[in-house]
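Note that the sequence shown covers residues 1 to 458 in the numbering used here.
Any given hint could turn out to be false.
[Stated by the list, open to error] In silico EDC-like cross-links for lysine to aspartate or glutamate, where the CA-CA straight-line distance does not exceed 16 angstroms:
(1) K384 - E404
(2) K204 - E155
(3) K364 - E354
(4) K43 - E393
(5) K422 - E404
(6) K43 - E404
(7) K204 - E190
(8) K384 - E183
(9) K364 - E155
(10) K384 - D45
(11) K158 - E126
(12) K364 - E183
(13) K384 - E368
(14) K204 - E219
(15) K222 - E200
(16) K372 - E155
(17) K43 - E96
(18) K222 - E393
(19) K364 - D386
(20) K422 - D386
(21) K372 - D146
(22) K422 - E96
(23) K364 - D112
If you are wondering where the hints come from, they were derived from the structure by calculation, not from laboratory data.
These numbers come from a predicted model, not from an experiment.
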Amino acid sequence: MTELVNFGAPSTIPQNLLSGVLSVPDMFLYMYSVIDLLGTPMKQDRYRDLISVNAFAATKPYATEASVGMYDEYLAKTFAIASYLTSAKSFQTFLEYGAYCPTPLYWALIGDSFNKFLGPLKSKLESLGVKINFNYQAHTLQLNQDGNISGVCFERCKGFDPSLSEFTWRQVRRDFLGGQAPELELVNIEGPLILAIPHEALSKLLSAAVLNRNPQLGECEKLVSVPMASIHLHLNRRFSQRLGAMHAVLPPEPVVLLNSNFKLSFVSNSSLWTGSTNTYLNIVASDSRPLGNLSAPSGFTADRVWNQQPSTLSIDHPMTTLDHILHEFRRFVPFEQNEIEIELLELDRNSGRELFINDVGSWKWRPESQTKIRNLFLAGDFCKNDIDVVCLEGAVVSGLQAAELVRQRDGIGAPIRIVAPKRHPHSTFWPLKILLAPYAAGAKVWSFCNELIESRNR
Numbered sequence: 001m002t003e004l005v006n007f008g009a010p011s012t013i014p015q016n017l018l019s020g021v022l023s024v025p026d027m028f029l030y031m032y033s034v035i036d037l038l039g040t041p042m043k044q045d046r047y048r049d050l051i052s053v054n055a056f057a058a059t060k061p062y063a064t065e066a067s068v069g070m071y072d073e074y075l076a077k078t079f080a081i082a083s084y085l086t087s088a089k090s091f092q093t094f095l096e097y098g099a100y101c102p103t104p105l106y107w108a109l110i111g112d113s114f115n116k117f118l119g120p121l122k123s124k125l126e127s128l129g130v131k132i133n134f135n136y137q138a139h140t141l142q143l144n145q146d147g148n149i150s151g152v153c154f155e156r157c158k159g160f161d162p163s164l165s166e167f168t169w170r171q172v173r174r175d176f177l178g179g180q181a182p183e184l185e186l187v188n189i190e191g192p193l194i195l196a197i198p199h200e201a202l203s204k205l206l207s208a209a210v211l212n213r214n215p216q217l218g219e220c221e222k223l224v225s226v227p228m229a230s231i232h233l234h235l236n237r238r239f240s241q242r243l244g245a246m247h248a249v250l251p252p253e254p255v256v257l258l259n260s261n262f263k264l265s266f267v268s269n270s271s272l273w274t275g276s277t278n279t280y281l282n283i284v285a286s287d288s289r290p291l292g293n294l295s296a297p298s299g300f301t302a303d304r305v306w307n308q309q310p311s312t313l314s315i316d317h318p319m320t321t322l323d324h325i326l327h328e329f330r331r332f333v334p335f336e337q338n339e340i341e342i343e344l345l346e347l348d349r350n351s352g353r354e355l356f357i358n359d360v361g362s363w364k365w366r367p368e369s370q371t372k373i374r375n376l377f378l379a380g381d382f383c384k385n386d387i388d389v390v391c392l393e394g395a396v397v398s399g400l401q402a403a404e405l406v407r408q409r410d411g412i413g414a415p416i417r418i419v420a421p422k423r424h425p426h427s428t429f430w431p432l433k434i435l436l437a438p439y440a441a442g443a444k445v446w447s448f449c450n451e452l453i454e455s456r457n458r
């Protein structure tokens, strides 16, 4: 099997170099370009550093088509963004954290996210006296004469879960609830308010009054997010038996499927979670936009509660988004349609819950946690923070930033200490960059000769 393992660890360099994912010279040049990027001083606020990963890598004299293309495989599947759009500085920050501590490559839950993460977090918050109201959406912000937030108007969404539905609550009310009138509820704000919402939701709350107080918040409209579709695929015992007969094992680590349409990757939850019996795979299509105009279909989404239309599978002759993704996935992990546990099959296209992307120049438009409205603070991975790259850690740090700003404003409690991940200075990589430069030149010649031989053999 051609595979890369724990790419940031020095101990895996020989294995990855000989992995067969790329030719040896092209893989060496890809690795060298990573070292080159790590050793290049860059700043978010310098115009000369407003370049994409592709622009950085492709303009180097040692670059080859294959070595540069490897970035696209990595970035598109991990962050849902092409290398020619990805901020080189943001990606550099991500690499710096991994280079300082390459092992373990990642942490994973050994169970579903609600029972292992969200549920315990909810219980802890409630034990501290936090009141959590579900099925509400922020509708408008109200300001008082002093220009502070005096209230938030919420719209109640009975039985509606916006974190799973492809519809907006307005569409559900109009199309499935007979045009039911909105139920609005005003909550008065007497102290600080932290809005921990996506940038698209924040933009919808920016009335003329809010923008007059803080015009820079309008720049959030320039931020970009894209959907990453995911499929919960449960396969029955017949598949498990066939897998065992082939002496094959699905790894517990995330698997990136090279050269796949829709930029597919998957995790075998059943290989990772304790107590699993049959095979349970979570498939992610990082670029499902080409399928955006097709039906999901709703019978295999959370919207089957509202839109109870019969849905069928047609994997051999794809007709829907689900069909196309499963058809492509089957090229890499063969399975039969009768091996699917249909009642557990579900697609989430994440419409309305898109992933913020670190495209070139976006840092300038990202808001600070502190706004110009004295009692309004922001949190979310799109806010400026030391982590920079879109991820759970960035969202957490932005929340800590907002909490510390509130603490400073009200003068209560002890300071909230935010521990920044460690990273090597750029100069650490300079000796390696210089030492390997002659080998990079040799690898470029080797790669060129390979291309020449291949072209003559065609």
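Here is what the structure says about each hint:
A threshold of 16 angstroms between alpha carbons decides the hint, and for K384 with E404 the separation of about 15 angstroms falls inside it, so the pair holds. Distance check on the hinted pair: K204 and E155 sit about 14 angstroms apart at the alpha-carbon level, within 16 angstroms; holds. Proposed proximity of K364 and E354 is contradicted: the alpha carbons are some 20 angstroms apart, above 16 angstroms. The straight-line distance between the Cα atoms of K43 and E393 is roughly 21 angstroms, outside the 16 angstroms bound, and the hint therefore fails.
A threshold of 16 angstroms between alpha carbons decides the hint, and for K422 with E404 the separation of about 21 angstroms lies outside it, so the pair is violated. The straight-line distance between the Cα atoms of K43 and E404 is roughly 25 angstroms, outside the 16 angstroms bound, and the hint therefore fails. A C-alpha spacing of about 22 angstroms is found between K204 and E190, which places the hinted pair above 16 angstroms, so the restraint is violated. For the proposed pair K384 and E183, the alpha carbon gap of about 34 angstroms is over 16 angstroms, so the pair is violated.
Between K364 and E155, the direct Cα distance comes to roughly 32 angstroms. Violation of the 16 angstroms bound is thereby established for this hinted pair. Straight-line distance between C-alpha atoms of K384 and D45 comes to about 12 angstroms, which keeps the hinted pair within the 16 angstroms bound. Between the alpha carbons of K158 and E126 the distance comes to roughly 22 angstroms, so the proposed pair goes past 16 angstroms and is violated. Simply put, K364 and E183 have alpha-carbon atoms about 37 angstroms apart, too far for the 16 angstroms limit, and the pair is violated.
With a C-alpha separation of about 5 angstroms, the suggested pair K384 and E368 falls inside the 16 angstroms cut-off, and the hint holds. Our distance criterion of 16 angstroms between C-alpha atoms is met by K204 and E219, whose separation comes to about 12 angstroms. The hinted pair formed by K222 and E200 meets the criterion: a straight-line CA distance of about 10 angstroms does not exceed 16 angstroms. For the given pair, K372 sits about 26 angstroms from E155 by alpha-carbon distance, which is inconsistent with the 16 angstroms threshold.
Restraint check for K43 and E96: satisfied, since their Cα atoms lie roughly 14 angstroms apart, inside the 16 angstroms limit. Straight-line distance between C-alpha atoms of K222 and E393 comes to about 23 angstroms, which puts the hinted pair past the 16 angstroms bound. With a C-alpha separation of about 14 angstroms, the suggested pair K364 and D386 falls inside the 16 angstroms cut-off, and the hint holds. Between the alpha carbons of K422 and D386 the distance comes to roughly 11 angstroms, so the proposed pair stays at or under 16 angstroms and holds.
Simply put, K372 and D146 have alpha-carbon atoms about 12 angstroms apart, close enough for the 16 angstroms limit, and the pair holds. A threshold of 16 angstroms between alpha carbons decides the hint, and for K422 with E96 the separation of about 8 angstroms falls inside it, so the pair holds. This hinted pair does not check out: K364 and D112 have alpha carbons roughly 36 angstroms apart, beyond 16 angstroms.
Checked against the numbered hints above, the structure breaks hints 3, 4, 5, 6, 7, 8, 9, 11, 12, 16, 18, 23 and satisfies the rest.
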